[in-house]
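Residue numbers (our numbering), protein chains in the order written: chain A, 1 to 401; chain B, 1001 to 1299.
Everything labelled a hint here was simulated from the structure, so no lab data went into it. Among the hints, erroneous ones may be present.
[Stated by the list, open to error] As a list, the in silico EDC-like pairs of lysine to aspartate or glutamate whose alpha-carbon atoms are at most 16 Å apart: (1) B:Lys1191 <-> A:Glu284; (2) B:Lys1283 <-> B:Glu1165; (3) B:Lys1293 <-> B:Glu1178; (4) A:Lys164 <-> B:Glu1057; (5) B:Lys1213 <-> B:Glu1124; (6) B:Lys1075 <-> A:Asp354; (7) B:Lys1191 <-> A:Glu285; (8) B:Lys1084 <-> A:Glu38; (9) A:Lys40 <-> B:Glu1178; (10) B:Lys1233 <-> A:Glu284.
[Unchecked claim] Quick partial rundown of chain A residues pointing at chain B, CB under 7 Å, derived from the structure: (11) Val47; (12) Asn67; (13) Tyr71; (14) Ser161; (15) His194; (16) Pro198; (17) His202; (18) Arg338.
Here a beta-carbon is modelled for each residue, glycine too, at the ideal position from N, C-alpha and C.
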Amino acid sequence: MGKKVIGRRDFMKSTLAGFGGYFFLPRIDMKQEFRVVEAKGKERKFVYRTLGKTGIKLPVISMGVMNTDNYNLVRAALDSGMVMLDTAQTYRRGQSEGMLGEMLKGRPRDSYVLATKAHLPSDQKTGLYTEEATEDAFLKKVDTSLKNLGLDYVDIYYHHSVAKRESALHEPILKALEKVKKEGKARFVGITTHINEPEVIHAAVDSKIYEVVLTSYNFQQKHYAEVRSAIARAAGAGLGIVGMKAIRGGNRQTPTVKNTGAALKWVLQDPNVSTIVPGFTTFEEMDVDIAVAENPLLTNPEKNDLETVASASGLYCQGCRQCLGQCLEHLPIPDLMRAYMYTYGYRNLVHAQDLVLSLNLPQSVCEDCTSCPVKCSIGFDISSKIRDVVRLREVPTEFFG
Amino acid sequence: MQKRCLVKGLLCVSLILGFVGLQRASHSQEKTFTFPEVVGWRQSGEVQTFKPETLFEYINGGADLYLAYDFQELKVGEYSNEKKASVTIELYHHKTPTLAFGIYSQERLPGANFLDIGTQAYIEANVLNFLAGSYYVKISSFNTGPDDREILTAFAKKVSAALGEKGALPSILSSFPEEGKKKNSEKFISKNFLSYSFLHSAYTADYELSGKKFKLFIIEGLGRDDCRVMIQKYLQQTGRPVKDPVEGRYMLSDPYNGKVDLHWNGKNIWGILNESDTSLRSKYLDLFEAGLKKKISSD
Chain A
1 MGKKVIGRRD
11 FMKSTLAGFG
21 GYFFLPRIDM
31 KQEFRVVEAK
41 GKERKFVYRT
51 LGKTGIKLPV
61 ISMGVMNTDN
71 YNLVRAALDS
81 GMVMLDTAQT
91 YRRGQSEGML
101 GEMLKGRPRD
111 SYVLATKAHL
121 PSDQKTGLYT
131 EEATEDAFLK
141 KVDTSLKNLG
151 LDYVDIYYHH
161 SVAKRESALH
171 EPILKALEKV
181 KKEGKARFVG
191 ITTHINEPEV
201 IHAAVDSKIY
211 EVVLTSYNFQ
221 QKHYAEVRSA
231 IARAAGAGLG
241 IVGMKAIRGG
251 NRQTPTVKNT
261 GAALKWVLQD
271 PNVSTIVPGF
281 TTFEEMDVDI
291 AVAENPLLTN
301 PEKNDLETVA
311 SASGLYCQGC
321 RQCLGQCLEH
331 LPIPDLMRAY
341 MYTYGYRNLV
351 HAQDLVLSLN
361 LPQSVCEDCT
371 SCPVKCSIGF
381 DISSKIRDVV
391 RLREVPTEFF
401 G
Chain B
1001 MQKRCLVKGL
1011 LCVSLILGFV
1021 GLQRASHSQE
1031 KTFTFPEVVG
1041 WRQSGEVQTF
1051 KPETLFEYIN
1061 GGADLYLAYD
1071 FQELKVGEYS
1081 NEKKASVTIE
1091 LYHHKTPTLA
1101 FGIYSQERLP
1111 GANFLDIGTQ
1121 AYIEANVLNF
1131 LAGSYYVKIS
1141 SFNTGPDDRE
1151 ILTAFAKKVS
1161 AALGEKGALP
1171 SILSSFPEEG
1181 KKKNSEKFIS
1191 KNFLSYSFLH
1201 SAYTADYELS
1211 GKKFKLFIIE
1221 GLGRDDCRVM
1231 IQKYLQQTGR
1241 PVKDPVEGRY
1251 MLSDPYNGKV
1261 DLHWNGKNIW
1271 GILNESDTSL
1281 RSKYLDLFEA
1291 GLKKKISSD
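Same shape as in the complex, but just chain B (with noise of 0.2 Å):
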């Protein structure tokens, strides 16, 4: 059965080849990066190309989790000078600005020495990552010394301006309340939120207010009847099944994340974990919706 479908599905394209082959035209323009010159430094090697199959050759394991970002194709450059230094630039290329904020997200720490380079940039002893709409770029060094900082922003800075795509942040992250925000602890994910596959992508970010940390969430859905799927999902998991669930709040005694609270309205659901505070729940809750509304009427 299965040889079969395979047998049609290869005549299929063949024929779609057949028939286009016979047709001229001009290829495709697709954007190219081209590794900036930089003063005192030479490239040493070939550009390295890397696509989602062959991702696992240069990070091994790791390439699953940039997977999971939809991540299209990586570039890295070498550079080095004749003080026996060395500078080498990953960048790589998602699908959209969010899932690139995504994988830079899973990446970043919030405690980090933040720079204006890109969307954002860090930097610590040898590395610095930024993020720019849909690149990802990390950047390290060996043997700089005491120029280290200075010579991979001189870099980063060359980059960001060859790949011209300043980008921002996703702008649903305004929504999230301010007070208690853990600064740069935001998070896309991609997939699984809260390893149920039934509840796709989230963003996230972490709390801290009178030593008690929690997490708020938000989960864009697809439409309205994507979150009433969800919801009607994850009550069924939490042993509340619900035929036909309405917009509002919900109280869920998740047997593995503990108690969730969360809002569904229109294409939106959000919520807050490990807090275990009622009133604050609440509280936080209706924080969120004023700042949904704010955002939306400011779109």
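One chain only, chain A, in its complex shape (with noise of 0.2 Å):
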């Protein structure tokens, strides 16, 4: 019997309704809050939206200033009528702060929104936050922010990177919230988070302190059901959403998505986003940007486009880790299948072959089982990857030379 060909449309039913949730959202004829903003003696009309409770109302892409230290970007971003920039503490140690703080001096304190953000450290294993996450050490945070930037106050300030509920709603840096916002050194106080992201939204609203979120969404991620779910409950409850990780997902998906502006407009089809900070970094990233907050309605060469990314991303692991401890022999699933991901996805078979190597597995890889306990929550057949790739620690390294 010859094997069985998926064909493309079953393939596509397979992976992105698999995923839950309808992947495009029904277009919503909501009436579009269009401003004319000036620049450089060119007049453009972006699409608005307000920021929840916070009543800020800005155009649908803001910037991200993570990965540049072009001050001239920045300028340009906001000469293009862009209105919030997007940092934190923690970029170029404080550099980025400095930059922008620089880049400010001069500009009417009403005419830029600025959000910033710090947290503290927590244990890598549990997510949760170590002795030192003390409200005294946040409230330190926010001055140094504060001094970076050469400003008295900032727009909104996040209590960042957060993985857990218990670490949302950690009471120190409650506390130290309330306190910046009683002095007046941020308007609003809102909450950022890049995993388990679900979680973390729902602590947030249940917190009834932050009042904007700012979280990893995009149309690779395979849980983007439960995200938007989240997203939804927040903003009834009032908070603002800010997305983040909407081209590249943090660099956890693959392959790279070439139409930027499509995977933009992915997350603002959900209209409880308010609008997105990309971290661009040349001024051809921008105009793409740009282009989107003018019009951000998916056309139907950009559903395919995203339709086609999506459908390959389930080819390999989406780092879910549900595995972890259901192999009878313990071995490093996640990582085998990174090293899967390296062969038949990045066709580096170096990289596959020094990942390989370097876990110690024993001589005898899923040969000793009848069968394999392992369930993987996309399907994969891991005991038939595993043993595929493994083959690699017979290849001389030479023969990839």
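Two chains, two frames, a set of hints: combine them into the complex.
See the structure below:
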């Protein structure tokens, strides 16, 4: 009997729909609020949305000032009509904040919205805060940010990089945030999350302290439906929602998104997202993002591009780590799946072999079990993929040279 | 179409694996780093390793910048002592010493307190960072009290010795004119210099002279043709399209970056930014040229 060949349509069903939720939302005929902005003698019409109960009105595209140290790029973004700049104390060890402070000198304070953030030490394994995470420590961070920026206050100060409900509700930080607001050092306080987003977003709503959520949200997330649902609850409770990692997803997904405009529009199809903070580093990228602010509606070719990439990403491990602990031999399955991705996704056999060799695997791998107890969340035949990729151990390195 | 390519790719890789799987040979010997033993301290927990695809799990959004500098691997080791103090060592390995210098220079504060460890180190409360060849090492401490500096320095020296690679700053930095240069302000930008994708990487340094602040830069092209393409695209960008640009000096009015004077010679393009005084711009381009000649003759 020949192998069953899966058609593109079936394949899409088994990946996109299988992940739950609608990949594309029905077009909402809500009245888009447009504002005409004057940018270097050129009129632009940007779509604006309101950031929850903060009442701040923003273009749907803002700037993530993470990867650039060129203040001329930031200045061009503001001059082109963007309003919100998003940075963090950790970016370039405070130098990103410093560069912004320098660039913003002389600009009317109400002409831009400035958001920055800080986090405190946490245990890498549990994601929970260590004893160093005190109210005073957080307050010191806020003061350092203001000093770096040369500002009396910021518009949004985020509790940064939270991965657990317990951390979102860490009392010393909640107290610090209340104090920061009371003292006028931040107009609004928020929380950011890159992983385990739904849990953190729900905790943010429950806290009744946070006013803004900055969350990873992209079309390649396996759990985008859960993220979307948590966002809907938060928006319903009046929290402002800002999207991030819309394009690259923090480098966790593969392959690279070529149609970046479409990736941004995918996030903006969710009316609960007020704005996104793409970290563009070139003027060319900025122009692409500005075009999205002018028209965030997805076209059919863009939808096709996104479907194609999202389907391909289903061919590789999504890093959910639900397989951990299931293997009787305690094999490092996520690492082996990464090696598989290096091999077949990136065609980087050197990298794949390096990884396989570094794992100190037993001599015999996936050969002694009569059946495999590992249940992959996206249905991979784990043992067959492992048997395939561990063959790299046998390959002379020179062969790849 | 894409699916067909993917299937072809899978078949191709499978064939390679199938073919070489028959061969037996010794495994590659990878250089391994062992976290050093430090008297009075014990390693707590296992060493964590992060690759480009997982660095995000450790430093979240900060990972993007490291990836732009061809990050290869991060090893994290933690130590604690009986006084409940702790020290964390992060060892970032980049593809080349230049790229490691690049990420180090992005985070280095020019006014920091510098030490002679590795290629260069600096220390502040609870933090000691240093560069050693293709490694960028970040050491942080907690609850170390008044001995903090001593403890961080001791750890840094141990790690530096274990790496066995002191390294050196990129030699091209010696060609930057000394007059007015802000010490330790040199940077390496790995891509998109001046926020243009066609100007790939560049070295920069900040200057201050009689209250005037400006920046010098040099782009090391892959060769003359590479530089010609860069100049051609930059002229196009600034509204002065030239079909076949020649080596020499160009004064550009960049719509975003202001006045940019640059000089192209061979595989190098050097220039000056943020300075309105024409004679000062010329003086520094000449000084740069002299520095480059001196460097080339000493290489």
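Once the shortest beta carbon distance from Val47 of chain A to chain B is found, is it less than 7 Å?
violated (24 Å)
Interface hint compliance - Pro198 of chain A to chain B, C-beta minimum distance less than 7 Å:
Since chain B brings no Cβ nearer than about 17 Å to Pro198 of chain A, farther than 7 Å, the hint is violated.
Less than 7 Å between beta-carbons is the criterion; does Asn67 of chain A satisfy it with respect to chain B?
Holds. Min distance 5 Å.
Satisfaction of the His202 of chain A interface hint, Cβ to chain B closer than 7 Å:
violated (20 Å)
Is the straight-line distance between the alpha-carbon of Lys1075 of chain B and that of Asp354 of chain A 16 Å or less?
holds (15 Å)
Verify the proposed pairing of Lys1233 of chain B with Glu284 of chain A, using a straight-line Cα cut of 16 Å.
Judged against 16 Å, a Cα distance of about 13 Å means the pair holds.
Does the alpha-carbon distance linking Lys164 of chain A and Glu1057 of chain B stay inside the 16 Å limit?
holds (14 Å)
Restraint check, 7 Å cut-off on beta carbons, for Ser161 of chain A near chain B:
holds (5 Å)
Taking only the CA atoms, is the gap from Lys1084 of chain B to Glu38 of chain A under or equal to 16 Å?
violated (58 Å)
Check the hint pairing Lys1191 of chain B with Glu285 of chain A against an upper bound of 16 Å on the C-alpha distance.
holds (14 Å)
Hint validation: Tyr71 of chain A versus chain B, beta carbon distance must be below 7 Å. Holds or violated?
Tyr71 of chain A check fails; min Cβ-Cβ to chain B is 10 Å, beyond 7 Å.
Restraint check for Lys1293 of chain B with Glu1178 of chain B, where alpha carbons must lie at most 16 Å apart
holds (15 Å)
Going through the hint list in order, the structure does not satisfy hints 2, 5, 8, 9, 11, 13, 16 and 17.
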